[in-house]
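Got chain A; can you put chain B on it based on the hints?
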Amino acid sequence: MNQPDKPGFVPEVVYRAYLGGLLTHDLQQCHASFQQWLEADTGLRSTYEDLVRRSLYQVGDLWERGQISVATEHLATANSESLLNLTYPRLFAQPRNGKSAVITCVPNEYHQIGGKMVADVFELHGWRGYFLGANTPEGEAITLIAEKRSEVVALSVATTFGLAEVVSATALIRAAFPEVAILVGGQAFRWGGKERVERLLGVRCLTSLGELEAWIKEHDNHV
Amino acid sequence: MFDRSDIAEAMRTYVLETAQVMVLHLDADDRVVGANDQALRVLRAGTVGRPLAEQIVDFNHTLDVPALIRQTGMVHRLTLSTASGQPETFGFRFFSISSGVLALASLDFQEQLELRNEVLSLNRELNNLTRQLHQANAELRELNQLKNQFLGMAAHDLRKPIGLIMTYSEFVLDEAGVQLSEQQREFLRTCLRAATGMKQLIDGFLDLAVIESGHLRLDLAPASAREMVAGAEPMAQLVAEKKGITLLVDVADDTRRLRVDASKLQQVLLNLV
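Taken in sequence, the protein lines are chains A and B.
The first sequence begins at 1 in this note's numbering and counts up one residue at a time.
The second sequence begins at 1 in this note's numbering and counts up one residue at a time.
No lab work stands behind these hints: they were computed from the structure.
All figures in this text were calculated on a predicted structure; none of them were measured in a lab.
With beta-carbon atoms standing in for the labels, derived distance ranges:
#	chain 1	residue 1	chain 2	residue 2	range
1	B	ASN137	A	ARG149	20 to 28 Å
2	A	ALA171	B	VAL210	48 to 56 Å
3	A	GLY98	B	ILE211	26 to 34 Å
4	A	GLN28	B	ARG256	49 to 57 Å
5	A	ALA40	B	LEU102	56 to 64 Å
6	A	LYS148	B	SER84	40 to 48 Å
7	A	ALA181	B	PHE109	44 to 52 Å
8	B	GLN184	A	GLY98	48 to 56 Å
9	A	LEU86	B	GLU125	15 to 23 Å
10	A	GLY66	B	PHE109	16 to 24 Å
11	B	SER224	A	GLY98	50 to 58 Å
12	B	ALA8	A	GLN28	40 to 48 Å
13	B	ASN137	A	GLN28	25 to 33 Å
14	B	LEU269	A	GLU39	41 to 49 Å
Every residue, glycine too, gets a C-beta built ideally from N, C-alpha and C.
So that you can see chain A by itself, here it is in the shape it has in the complex:
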């Protein structure tokens, strides 16, 4: 079971300042905290998991409890996503290993930041992580897998409403590329369902960026 609220290596004071910035729409404060964490050079995965993901899960909880509006939640997500751009000059300058993965959000899935962080973690490990964005028809993913000869496709789904789309996308991708590994993940599995999806669809379900990193290392060692 995932532990979404478990504090990571981000100092609590940095995390609190970042979260405060998100909730008060203070992008400068968020920027400063994010930059401070990046410059500490403790790793992109930690920044994504312990700062971005943890804060957005907390923002989601506050919304569910009626303490903030959906507009604040949307703005917090938009601001967080903009901050990921700060990592790119360093992330994309790393040496490549020739492998690539296509990461996509299933149709009608408009939460894309999780999928983007997955694509970035692939980049962090020397892969090319091609991210297709929110609400992407399966056909676009299939075209890109063929064009880039990708070894992996990752499907991101934030709500349980999107699971039917995961089933349909998995069937289409498997029919077109039987040899391509299919990964599934996202907030939809925050409270469980991982084993059932793996059993029913025959895919790997990863519920954290740490699990994704472990999978990438395992895959790299076997190839």
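For chain B alone, kept in the frame of chain A given last:
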């Protein structure tokens, strides 16, 4: 059943204190004489006490505000300056009351929602494009490095056979030139010229590949302008003589020495001359 007076009081309290609706009380001269909490929060300070017409943004003076205020059966889109300094368009409806006119105004919720969704969608798209741009730049850098490697290897491999052609052409001209006819010697000279030109071209490619890969090494040592010109002069004189051009060298008498790559600067001088 509902008690109408209780309902009226609850609605009055809600509208005046909480609702996201602006309530303005206008007197017979359309002057704002009262406003609810929402109107005082949203509109610029000094709203109360001024005629409503003066507070409406109407650069071209096309609106007949007093007439609009008396059209009580419909919603009018009117733009007012807000406390943030930004103009904002509200849907106004006017009601005639015994003490003047009651103006109720609110933002278009549907329009605000669409605007928010559009902005969020554009933000997502912009962020995706930013990521794609970084990724495409990284891929282009990789391809450029590959191109430079290929260029460097190809140029390096071509230098050796061209060097052989030049060496043997010169050797035959020097050693066996007297036994050849003038036409045969000219053939060899043509070979030599063509090979020399090709070698210069390849050297240029190699330099380009090295420069583009960011690995150009400069051999820095103290040298004066006179020494650099003196180094380039014999070669330039040779070329000039062949073309029947007289080359005059005039260097200022400056003995200062700078740390430069004299060989590279001589190459620049020769290219210029």
